[in-house]
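Chains as they are written, first to last, in this note's numbering: chain H, 3 to 327; chain C, 31 to 354.
Fair warning: there could be bad hints in the mix.
No farther apart than 25 Å at their CA atoms in a straight line, the calculated lysine-lysine pairs in the DSS-like style are these [what the hints assert, rightly or not]:
hint, chain 1, residue 1, chain 2, residue 2
1, C, Lys222, C, Lys193
2, H, Lys200, H, Lys122
3, H, Lys216, H, Lys324
4, C, Lys193, H, Lys122
5, H, Lys46, C, Lys222
6, H, Lys224, H, Lys324
Beta-carbon label-pair distances, calculated as ranges [what the hints assert, rightly or not]:
hint, chain 1, residue 1, chain 2, residue 2, range
7, C, Gln192, H, Leu60, 49 to 59 Å
8, C, Leu345, H, Leu60, 38 to 48 Å
9, H, Leu184, C, Ser272, 32 to 42 Å
10, H, Asp312, C, His311, 48 to 58 Å
11, C, Ser331, H, Ala18, 50 to 60 Å
12, C, Met60, H, Phe280, 47 to 57 Å
13, C, Lys222, H, Glu278, 57 to 67 Å
14, H, Lys197, C, Ala158, 33 to 43 Å
Covered stretches of chain H (chain C as the covering partner; in silico rule of three or more C-beta atoms under 8 Å from a C-beta of chain C) [as the list claims (entries may be wrong)]:
hint, region
15, 32–39
16, 50–58
17, 255–266
18, 300–310
Since the hints were made in silico from the structure, they are not lab data.
C-beta: ideal position from N, C-alpha, C; glycine also.
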Amino acid sequence: MLYREALNKALDETMAMDGNVVVLGEDVGLYGGSYRVTEGLVAKYGEARLIDTPIAELSIVGNAVGMAIGGLCPVAEIMTANFALLAFDQIINHMAKLHYMSAGKITLPMVVRFPQGVSKQLAAQHSESYEQMLAAVPGLVVLAASDVNYAYHALKYAILRDDPVIFIEHELLYNKKGEVDLNADIDPLKARIVKEGKDVTIVSYLKMVDDVMKAIPAIEEKLGISCEVIDLCSLNPVDYATLEASLKKTGRIVMVEEDHKTGGYGAQIVSWAAEEMFYSLDAPPLRIAGEDIPVPYNRQLELASIPTPDSITAQIVAWGEKHGA
Amino acid sequence: MKPDKLTAEEIYYLMVLGRQFEYAAKEHYMQGEISGFLHLDIGQEALSVAAMKAFEKGDVFSTYREHVMAMARGIEPKAVMAELFGKATGVSEGKGGSMHLFDPSHFFYGGDAIVGGHIPNAVGCAYARKFQGDLSGVMVVFGDGATNGGAFFESLNIASAQKLPLLFLCENNQYAIGTKITRVAPFETQSKKADPYMRTVDVDGMDALAVYEAVREAQHYIEEGHGPVFVEAMTCRYEGHSISDANTYRSEQEMTLCKQKDPIAKLKAQLLSEFGTTQAHIEALEAKARSAVDEAVAFASQSPEPPLEARFDHLFEEGGDHAL
């Protein structure tokens, strides 16, 4: 099954299960979604539950908040992360805070999903990542799906949970293939150990997990070590217990993210490691991240501005040689 | 005011150039030399070219479907094609691509890929021009889809309250990607939204002469200090929203009806019948357009890639503080 099909299946099943689940966004209905995530759903559930909206992101999320107050379970799709910026007032001032400000009297069982990241030459207004901002907002659950099976289970969880969830996808993952284990017992808030190892813990999420996995054979061969790869999955709350257990074993942490390095999400993970795991660390942490520039259009410039399997390998090998990994 | 013969012929040349350019862009996209999003303007050339020619004195803010407008504004086809190829010689030096063409020397400020996001910028620029005592005006071009967003309504209000020299030009092709405007707005003509705030004008966007006349009159009205005008041009894009859109949501019949109003064929007939342009001259203009496109493609493909270190340029203005 493809990643986008897994998301579709999660939507389909929750919509079948609960008549209050509605989907809204630009081109989600008759068109089937810009990335075909909602394909076929309008035929099954009708236009009242697959709501084609105008290009009005503030209203897409703002209306979803109101729908949730009114008793529905909205799943809002924003076409791409950069467009979600138009809805940040609604996400941060309303979606994230109403439950708290009302002392729990208002519940918002809603999801806002969007893809983000560098695809291929979509330029600076269509290539960014905003998990660092959203994970910093108390009151939001922020999930990032890198894996097909996780995408299916986590989206179902997000829709069925009675709290506002930001569900982040990646532009380049929609056609990723994988198996969905319908009976898997998955806790979407728990980090996923993608590969076990004993010498270095590499932490990542979203598409960078795949790039890290591509880099692993070369890293392990050049440094003669074994790496443990962890997919965070949930960016808020963070499953620190899984990270802690891994770091106690390896004593070394590398954080890989696509997002701009300054203020990037990985800073939180590395800061936690410095604060809480200092005496378990045998080397300074390494952060591999996107450069602090808007994403350029030209393909070579674009690839130079973000981590790739080659640059991940080069940076980890250089760091490993310097610090005796 | 209708264009004079020379201007009408220039508009025709630019429309043919625009269409040939877009077909070439499509071809080179298929060959992998252009990437990312590519929004073709085929079918909408009357609007894109005639509006720019009629508004020659003012500033222009546009959308991501702007190759033809950029060229009508005076930006060299070579520099536009090279940008599509991501080359160092492109108008944005390979950093912007198809959706982000900027050239202040031609008073062309993009090339914005956030729907409606550039409208408040145009309002601000109109404020600056009024502040400077220049009423040539600012023209902001946007699609029907953008008129459903908050930025649009806020801009109508501010531009009208401040009597700003701003021309709102709505390129109404009836579709926001695959969603027909009437499914998400209560009417087909979006000028109704601007009606309480300012003078509104509806024009056939497939008729270059009519567009020229409407924009020219609007600019004149703005220059007289009456404040903003809203011009809506009904038009039709022949291709999908972008190159990755298969355009399956419009019937063959709808597409046929739309292509019957072809703006290039229409202007050609008008040139022959109303302006006394000869068939031979029309053919010469067409040949000139074709060779300009061939040159642009050759230039783009032979141009160098930007050096890798160029990605760190232009994050901030070189040379520090303008007030020092």
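Going through the hints against the structure:
1. C:Lys222 / C:Lys193: Status holds; Cα separation ~19 Å.
2. H:Lys200 / H:Lys122: 35 Å, violated
3. H:Lys216 / H:Lys324: Distance of about 22 Å is within 25 Å: holds.
4. C:Lys193 / H:Lys122: 42 Å, violated
5. H:Lys46 / C:Lys222: 35 Å, violated
6. H:Lys224 / H:Lys324: 13 Å, holds
7. C:Gln192 / H:Leu60: 49 to 59 Å: Given a distance of about 23 Å, which is not inside 49 to 59 Å, the answer is violated.
8. C:Leu345 / H:Leu60: 38 to 48 Å: 29 Å, violated
9. H:Leu184 / C:Ser272: 32 to 42 Å: 36 Å, holds
10. H:Asp312 / C:His311: 48 to 58 Å: 56 Å, holds
11. C:Ser331 / H:Ala18: 50 to 60 Å: 52 Å, holds
12. C:Met60 / H:Phe280: 47 to 57 Å: For Met60 (chain C) and Phe280 (chain H) the Cβ distance comes to about 55 Å; the hint holds.
13. C:Lys222 / H:Glu278: 57 to 67 Å: 60 Å, holds
14. H:Lys197 / C:Ala158: 33 to 43 Å: 56 Å, violated
15. 32–39: With 3 residues closer than 8 Å to chain C, the region 32–39 of chain H meets the three-residue bar; holds.
16. 50–58: Held - the region 50–58 of chain H has 5 residues with a Cβ nearer than 8 Å to chain C, which meets the minimum of three.
17. 255–266: violated (count 0)
18. 300–310: holds (count 6)
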